[in-house]
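Engineer: Listed here are the chains, written in short residue letters.
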Amino acid sequence: MKTKLLSLAVILCITVLIAATPDGYTPGNKASDFKLKNIDGKMVSLADNKEAKGFIVTFTCNHCPFAIAYEDRIIALHNKYAPLGYPVIAINPNDKNKSPDDSFEAMIVRAGEKKFPFVYLYDETQEVAKSYGATRTPHMYILQKAGSELIVKYVGAIDDNSDDASLVTKKYLENAMDEIIAGKAVTTTTTKAIGCTIKWTAAN
Amino acid sequence: MNLTSRIILLIVFISIARIQISIAQPRNVKFDSIDSLLHHTSDSVVVLNFWATWCKPCVTELPYFEELKKNYSSSKLKVVLVSLDFKREFQSRLIPFIEKNNITAEVLLIDEPDYNSWINKVDSSWSGAIPATIFITKNKKLFFEKEFESYNDLEIIIKQLNQ
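Chains S and W are the protein sequences, given in the same order. All residue numbers for the first sequence refer to my numbering, where the first residue is 1 and numbers rise by one. All residue numbers for the second sequence refer to my numbering, where the first residue is 205 and numbers rise by one.
Extracted from the complex, chain W is given alone in its bound form (with noise of 0.2 Å):
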């Protein structure tokens, strides 16, 4: 094997190493991308997770969602991550953050700074606070204002909704 075809393999084989860490890339959106999410009639679980790179317990929760993420196939559970950040700091704290993190599950950038918008959309009762999360199927959404102890926790809610 020439020093050519070494170096050609070499590339190959670091791509390949790339694409299995696969690191989310997190994309800006309105709220028609989250409202879409919300009122989905797929088969699948969808999660959507509201939280922050500032805010501590919501980091402390995120393992549990990506290990969810990894335990079910994407055709049964979509794990979304909804970023709260500000808009200014995606490129100087929310991608270094997923990057550090080896985050996988999709990340969205929530850009619409009027939380009374939008809010009460995704359940009346939630007060704005993060951490939260909503499950939802096609004929059912589960809204929590809360931190998640544990990936258990998680992996009842879905069995529930599974049933």
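One chain only, chain S, in its complex shape (with noise of 0.2 Å):
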């Protein structure tokens, strides 16, 4: 009875350990591609891009403060990687119905507005936020290229201090970057993404 007792709670325990990880990608997975609708209607693809070495892949949106905060640093990071093999892939998972600003018409006007010089895809069906693992928005993936694979290289936050661009001092984001054209191993390979939560589509 003893033993019984015992292995059901070892299964318990370990029921729950299973249960509390997290989904989704951590530095070292492979991670996959996806086709996504973006704002200019065309169907993308990381695969289409066969010059790329890597991919910078934002989690963001229009509406979420946290997203708006860094719109132009993520431009930025765009406009300082992608000559150097890494542009930004912009990808909106939220569901348009709670968050109505979110909608792929709203992207359109947004991406107008700020000029966006990278692709803004819809994730409509959430797939590839999920598959991620992503959470927040703006939540960022470094994606590099070893041979035909995607090798995630960070996960988490652009930088320390989402208020006011001027006074971060810890750029995590860049730093993995300079560290991966380097060829260096990234020395922070996770943060804790900050910013609104995604607003997932209620399951049926």
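Hints may contain errors.
[Claimed, not checked] DSS-like cross-link-like pairs, simulated, lysine-lysine; straight-line CA separation at most 27 Å:
(1) S:Lys192 / W:Lys304
(2) S:Lys192 / W:Lys234
(3) W:Lys291 / W:Lys280
(4) W:Lys260 / S:Lys192
(5) W:Lys234 / W:Lys280
(6) W:Lys291 / S:Lys199
(7) S:Lys192 / W:Lys325
(8) S:Lys192 / W:Lys291
(9) W:Lys344 / S:Lys192
(10) W:Lys291 / S:Lys171
(11) S:Lys171 / W:Lys325
(12) W:Lys260 / S:Lys114
(13) S:Lys153 / W:Lys325
(14) W:Lys260 / S:Lys199
(15) W:Lys350 / S:Lys98
(16) S:Lys35 / S:Lys53
(17) W:Lys260 / S:Lys96
(18) S:Lys192 / W:Lys350
(19) S:Lys199 / W:Lys350
(20) S:Lys98 / W:Lys260
(21) W:Lys234 / S:Lys170
(22) S:Lys130 / W:Lys260
To be clear, the hints were calculated from the coordinates, so they are not data collected in a lab.
Reassemble the complex: the two chains are provided individually, in unrelated frames, and hints are given to aid placement.
Structural biologist: In structure tokens, the structure reads:
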């Protein structure tokens, strides 16, 4: 009886541990490609960009104050790293019913206002955000090509001050990018992404 | 009664009425203020609710925390609403929100933009998403990264802690 109870306890513990393990990518994982609609109406996959050495994927949106606070910095990241082979891929995963400001039509408007130099894709089914394990906007992933695979190199925040770009002291994402470009190992591979929660479609 | 005394009485009456409403005066604080609440040694329950004016589910549950504050004496329970609003919106957004919604619980705007330096100190399991709430007694902490559905949900936790 004691052994039975003990094994039951062990099984329970394992179940709890599994349940507590967050889904999605951690650095070192292989990232999967996707096919999502860009604001110009064309479907975009990462595989389409043969020249890229990797990608700076950001789950972001129109309405969130943090996403808005980071727009100019994300544009600057693209302008700095796209010429070095790492363009920004922006993806809006929010449910338009829960957050009407994040509809596809509103994405076109916002991208026009800010003159986004990168693609801005609509993850309508939220499948990409789920497979990546994104929870926030903005939530950043650096992917690096290794042969035919894409390896996750960094997951988390852009920097340490969403409120005021001039007061940033730790540029988490840029530091990781600079290390990747220099061929070094990334020192800080994860931070907690700070921003609004992704507005998930309610389960049926 | 002459006119002067009437005016004085009126002023006194208005001031008392204002005190009774006692809308919270928010303050900007650094993490050490929050840290001392996380490690308090008093006999009361401290409830820290992390929220922001732009966070819809946070705003929805605020009345439950207000009710909690009203239903318990200040010696038994202390509610602190920790705002994650941007510091630059303290005057333009946070103060008008508190006045409009008659918030009476203490409001502290945490002026620590490097969230990664402090969110783990609140609770290592916290992703940083709000709403999030931590209930603290001198020997127990209960952390919730979720939106409470009702006032009753809060009361159940307080009763558990007081047992």
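Engineer: Next step is simple, just say for each hint if it's right about the structure.
Structural biologist: Going through the hints against the structure:
| no. | hint | in the structure |
| --- | --- | --- |
| 1 | S:Lys192 / W:Lys304 | 33 Å, violated |
| 2 | S:Lys192 / W:Lys234 | 20 Å, holds |
| 3 | W:Lys291 / W:Lys280 | 31 Å, violated |
| 4 | W:Lys260 / S:Lys192 | 21 Å, holds |
| 5 | W:Lys234 / W:Lys280 | 25 Å, holds |
| 6 | W:Lys291 / S:Lys199 | 25 Å, holds |
| 7 | S:Lys192 / W:Lys325 | 13 Å, holds |
| 8 | S:Lys192 / W:Lys291 | 20 Å, holds |
| 9 | W:Lys344 / S:Lys192 | 25 Å, holds |
| 10 | W:Lys291 / S:Lys171 | 20 Å, holds |
| 11 | S:Lys171 / W:Lys325 | 21 Å, holds |
| 12 | W:Lys260 / S:Lys114 | 26 Å, holds |
| 13 | S:Lys153 / W:Lys325 | 26 Å, holds |
| 14 | W:Lys260 / S:Lys199 | 11 Å, holds |
| 15 | W:Lys350 / S:Lys98 | 17 Å, holds |
| 16 | S:Lys35 / S:Lys53 | 19 Å, holds |
| 17 | W:Lys260 / S:Lys96 | 15 Å, holds |
| 18 | S:Lys192 / W:Lys350 | 17 Å, holds |
| 19 | S:Lys199 / W:Lys350 | 14 Å, holds |
| 20 | S:Lys98 / W:Lys260 | 11 Å, holds |
| 21 | W:Lys234 / S:Lys170 | 18 Å, holds |
| 22 | S:Lys130 / W:Lys260 | 22 Å, holds |
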